[in-house]
Amino acid sequence: MAFVSSGYNPEKPMENRITDIGPRHFEEFYPPAVKANKGKWLYHEILEPGVLVHVSETGDELYTVRTGGCRLMSVSHIREICEIADKHCGGYVRFTTRNNIEFMVDSKDKVKPLVDDLMSRKQDGGCYKFPVGGTGAGITNIIHTQGWIHCHTPATDASGPVKATMDVLFDDFRDMRLPAHLRVSLACCLNMCGAVHCSDIAILGYHRKPPMLDHEYLDKMCEIPLAIAACPTAAIKPSKIKLDNGTEVKSVAVNEERCMFCGNCYTMCPSMPLADDVGDGIVIMAGGKVSNRITAPKFSKVVVAFIPNEPPRWPKVTDTIKQIVEAYAKGANKYERLGEWAERIGWERFFEACELDFTHHLIDDFRDPAYYTWRQTSNFKF
Amino acid sequence: MAFVSSGYNPEKPMENRITDIGPRHFEEFYPPAVKANKGKWLYHEILEPGVLVHVSETGDELYTVRTGGCRLMSVSHIREICEIADKHCGGYVRFTTRNNIEFMVDSKDKVKPLVDDLMSRKQDGGCYKFPVGGTGAGITNIIHTQGWIHCHTPATDASGPVKATMDVLFDDFRDMRLPAHLRVSLACCLNMCGAVHCSDIAILGYHRKPPMLDHEYLDKMCEIPLAIAACPTAAIKPSKIKLDNGTEVKSVAVNEERCMFCGNCYTMCPSMPLADDVGDGIVIMAGGKVSNRITAPKFSKVVVAFIPNEPPRWPKVTDTIKQIVEAYAKGANKYERLGEWAERIGWERFFEACELDFTHHLIDDFRDPAYYTWRQTSNFKF
Amino acid sequence: MAKHETPLLSQLETGPWPSFVSDIKREAESRAKNEKGIDYQIPVDACEDLLGVLELSYKHGRTHWKHGGIVGVFGYGGGVIGRYCDQPEQFPGVAHFHTMRVSQPAGKFYTTEYLKGLCDLWEFRGSGITNMHGSTGDIIFIGTTTPQLEEVFYELTHTFNQDLGGSGSNLRTPSDCVGQARCEFACYDTQAICHELTNYYQDELHRPAFPYKFKFKFDGCPNCCVASIARSDLSFIGTWRDEIRIDAEAVKAYVGGELKPNGGAHAGRDWGAFDIQKEVVDLCPTKCMRYADGKLEINNKECTRCMHCINVMPRALRIGNDRGVTILAGAKAPILDGAQMGTLIVPFMKAEAPYDDIKEKVIEPIWDWWMEEGKNRERLGELMKRQGLQRMIEVLGVDPDPRMVQEPRSNPYIFWKEDEVEGGWKRDINEFRKYHKR
Amino acid sequence: MAKHETPLLSQLETGPWPSFVSDIKREAESRAKNEKGIDYQIPVDACEDLLGVLELSYKHGRTHWKHGGIVGVFGYGGGVIGRYCDQPEQFPGVAHFHTMRVSQPAGKFYTTEYLKGLCDLWEFRGSGITNMHGSTGDIIFIGTTTPQLEEVFYELTHTFNQDLGGSGSNLRTPSDCVGQARCEFACYDTQAICHELTNYYQDELHRPAFPYKFKFKFDGCPNCCVASIARSDLSFIGTWRDEIRIDAEAVKAYVGGELKPNGGAHAGRDWGAFDIQKEVVDLCPTKCMRYADGKLEINNKECTRCMHCINVMPRALRIGNDRGVTILAGAKAPILDGAQMGTLIVPFMKAEAPYDDIKEKVIEPIWDWWMEEGKNRERLGELMKRQGLQRMIEVLGVDPDPRMVQEPRSNPYIFWKEDEVEGGWKRDINEFRKYHKR
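Residue numbers (full-length UniProt numbering), protein chains in the order written: chain A, 1 to 382; chain B, 1 to 382; chain C, 1 to 438; chain D, 1 to 438.
Pairs of lysine-lysine, DSS-like flavour, derived with a Cα cap of 30 Å:
#1 213(C) x 350(C)
#2 334(B) x 295(C)
#3 295(D) x 287(C)
#4 40(B) x 110(B)
#5 220(A) x 434(C)
#6 316(B) x 417(D)
#7 260(C) x 278(C)
#8 220(B) x 426(D)
#9 116(C) x 108(B)
#10 295(C) x 278(C)
#11 278(D) x 252(C)
#12 260(D) x 322(A)
#13 287(D) x 301(C)
#14 437(C) x 250(A)
#15 40(B) x 301(C)
Hints were generated in silico from the structure; no laboratory data involved.
These numbers were taken from a predicted model, which means no experiment stands behind them.
Model the full assembly from the supplied sequences, consistent with the hints where possible.
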């Protein structure tokens, strides 16, 4: 391949440089029906799973067909999205916060051809390219992170467990039978890009072994004070190490008893890797939400402390999630989010209903506020 | 006066010594009706404020007349209690956890003479000696501590504010018009003998000036390491001080910015007094409870950060309490405790209803859990 | 004629509530008159000086009492609290004015004969001023001199068959609610266990060997009339595992208005006719009740035994028959580290004499742990916070139970132990680097 | 013919959900074929090597990516994240494989023309693999080499009028919900403010000068579809101060069954006939609604605007007219110190262009404080925890408001300041000792 210049001149980086222009203005991208009715919408309705209509004060209607998207997508896939949008939607398309793709048309008769087109497109292995759904009291796309495809700190993959989980939950992506919507999220480590900590069900990658110490390189590759300061439990201190060759180097020592495997040190210092094939795996959390509807937003709670990584399909993870979803579907009241259900019946009943073990790892022992999660009343269910 | 020996021989302390015998056995002190019906009680009823009947499976009835007591009482007063109990109750009497006195009779016709006798007895200044009341949905006796009468760490008096407050709340001691019972407690310092921290209304003595340092005596009178360790905020450190006479002594230094006036250092070290006529005063807390009824027990919340000591009658304290009681009486639902009412209407409405100012001192800033008291939802009332 | 002018205190002699000032003045007068010709063993004007020093505090806005020195009775480390006035010249009658704690009987029932005996003793050898009772539960004798401590103790034990209570870093005198003696809600005999444990643990009560104070309190039911859940290191709360007993006729009588709700506790206001749906069924925290066609049903499996329905309709609803205690640990007042409520550690245990399970499976393992690991002046609740509820579960040797928590942890910061993780923690960085270059 | 065997990944090519493996294979194939004759500026087999390295991770159970070095475009401190493979010999196509963040348009609406342009660019100068979109909101270009960074940036700015997004210790690309563009619940124009603040604070976005990352998110209403309350240092949530608008006819239509509750969101199950009492009135958290005689009444003064009734009956109930934002501060994920939700700091503020109040009275004072006092890698929420909500109130120069707390403090450990206490703190111990002997 030959280098092709964009016009940029590395000798004169400031020549013709354009900076600080921000994103494109949103109005350039509004479909005509949006531009005409912005701020005038009266109400909406879900006509069928994945198909919404918004009705304006002006009488205009806007039909949206929502399809699942892989957050990870190739330009070929995006071009196919564009092709569909050109064919049906006048060249406009939208993405949602949860990595869904929304195709909008301005009259009802355009909906069916669009849905049929979307559902007809399959990948080579038979997977849908653009499954229609993800609306109302069902399960929509899983927010997730990069995982093994592109991240340096993950304790699990992202796209793989998401694919496996969505295959298992696919009927609920296509349906609206649940008591309320149920948001699943995945973060491949504790950095938790995405609101994984406030999801109905969260899949969280987690290490369980303290960092290895690459003493020979540590002082060369890391700023030791930053690595020490990065530890939330003050488990790291400076140390001097005599290498096999007899030279003494500056390094660190880790009080392994105080390590809870967050990986902050590794973020600051590549000579302290944590990843391990059997140490790493997945924590399942449940009961979080971000909406203020009826009750205040809630953090998700740890309900399964550890499931080993089982690529490529993480069957124990998907089974567990399925168990929770079915127990919720069976037990919760209409409009009740998963966490609201657990709180109403009591967490002792949640574990029974979901057939999950309650283990000592689920009891909070991190810092002072842990105490507030313990039961300080005689009110409980036998 | 001449020393009169009990028989104890200080030369031979072990001679005839009796130890470790514990309290008297409770059964010796049960009135006959209690002994006969213990464990067989079927139900109870409050016949009028201060008068209860308990009915047994055996058909027996036990009438209890409850009267307010000063926790602080003289032997003359106790003898008068005994005289009444001898006259009406066969020589039995009981005290309650809240320092009330209970006179029990075994038939209904004995109630009125007893009540009349109790209510007829007055002190020289006209105060009731044995006011009947303190039952049901009203206000009962104030649990309190020693205060200036006998304690070395108080920030206010105990018996005085209690007398002043009960005078103001007397009608509610004698009546049962409130939505639920309302427990008032007083602690003269943060040590909080008594469940002041879980009372509907708590009166709490509080210092606001850091300890003075009696450098000349500190090392002689205190164990400096214990004084340092006593500080919950690590505000105290060792120091050396040059006295006016030129001698250098060991002492401590206090980081006054980090002091929140708990007095723990003074408890360990008498050379660090905090008490001050204008620094000391009263904090009003509200909304706590210890019962598990309907909702879990709750801590009281600080609703007035400071009221100066105004002996002998603490009018601002009693006015504030009266305000809270009246707002509660007006606003709460039947069976709703004060804290449950505040939570139902929202604390923003509590301050309006009680006409109290919300000041920055009421916002928690002590340690990590403070954060959980801040509002983490968009749900609030304008 | 009063020894000291008390213009401020005298303002507390009006109003309806009993005046402690009038009461102390009465005692002062009684001592001054000494009609019985008592050979007072401490200054006759102790009560007058007590009023005097209190008046001075009202004037200064500060206490005039000092820290106690180490005073007590031989062989005991608790039960006496030294107290000295900081103005001894002005108030010699209270210059030394120590407190004695007298262990109260369970349930706080008394014969007048016994009480009168105590009065005679304390008038003779002390100030004649008491607390009936102190915050922890003891009878408090306020004010005597050092030489009288052993005398009072000798007379208490020899004449009254009565011991001192606890103070300092030991087991404090346990206390209880009225219980089965006079309450239909009591799920176990609070007096029996309170007395038994008080006597069984006399050594722990009298001889400080703990990191700090330790309290037992016994509540007969979840109404918690002795506030055990807020005030005791070990809180015993009565409960039951089976069904609430329903008297259907009595339910009808409540609905029909013949019986007053909540035992008549709300009689001071017209709240309108009793509405069982609104006042009982709708207020049930678990919504496990149903009232239809004149019949009340309870889904007992979902009941959390909060007592509300039973409180409202005591003649219609009664506690179950399979009774015991729920045990919570670690309650304390704010000092040092903020207040704590008790945390549930034992959902259910039978509470029957001689209480071996409670002693051997709960109390003693917890004390062993706390005495081993607790820091100086660290309450059990603080140790629990510091070492975690998991550690308490290990100490008790029980399985973790979701009943011990209100909710599972929301942080995923789990401290795994090495032996819980496959392959342990020892790894070879060079082996790792074969697959992962720097 | 695939370059690497991927037996594990291939198992992710079955099942109904779109397969990212199939998609990357498609891209790999497209590049291998190169039907358009593109002069790929990074290795043509990048996608094949990406699958290869991922397959290796599936085999090893560990990632094969390393920390990024410092790469970027001239003059910017963010927008590019360096990424290197730890097995470069085995997978040279992805040996250097940096991420570029492209600032997404507010609302995430696109023309296909624009998207296709980006596709062409990224196919030519990168791997052809993207995220639509990343967690913060940006379009993510995954995988290119260092020399291509400036080229991509040059083409983005010159050809597409498009800038990079944020990364590192700076303002991260703000994001918003669909808002008034297609939602009847939106209380303000989320796109307008998102775009305005993104552009107004370009310098803060591109040039890291903060202690750590900082996020704005804009939710049109309390349903919080972009999770601002959980994910952004400053969370803007639409609200209103006046009355919910009621269409009485539409209420009747819901009750009568002509309109489906919650916009038909529950159509997948037979929940029985709509019951306005049970499904709306009884679930109202403040119980401020009443339905009687076919009429719905709302006591708006007691409403907390939780959206439930409006969500259930969107045609009957509409947000009020006096609209603005509630602002919360300090949300963050668990790292380092446990997760935090946003804390309410401004109950109500108008949100109208040019947003001077929001910029000058909220954002900038908070940044000044945080830049002055925040420690390295300390999020705003952590600073708030460390210095207290009181400090935030001082920074904003507003009065404390009970709306900022869920409840007042339960500990009485108030840190009074010296100037708040009469007479200050300086005292003379000798003066004190005149009245209080040792």
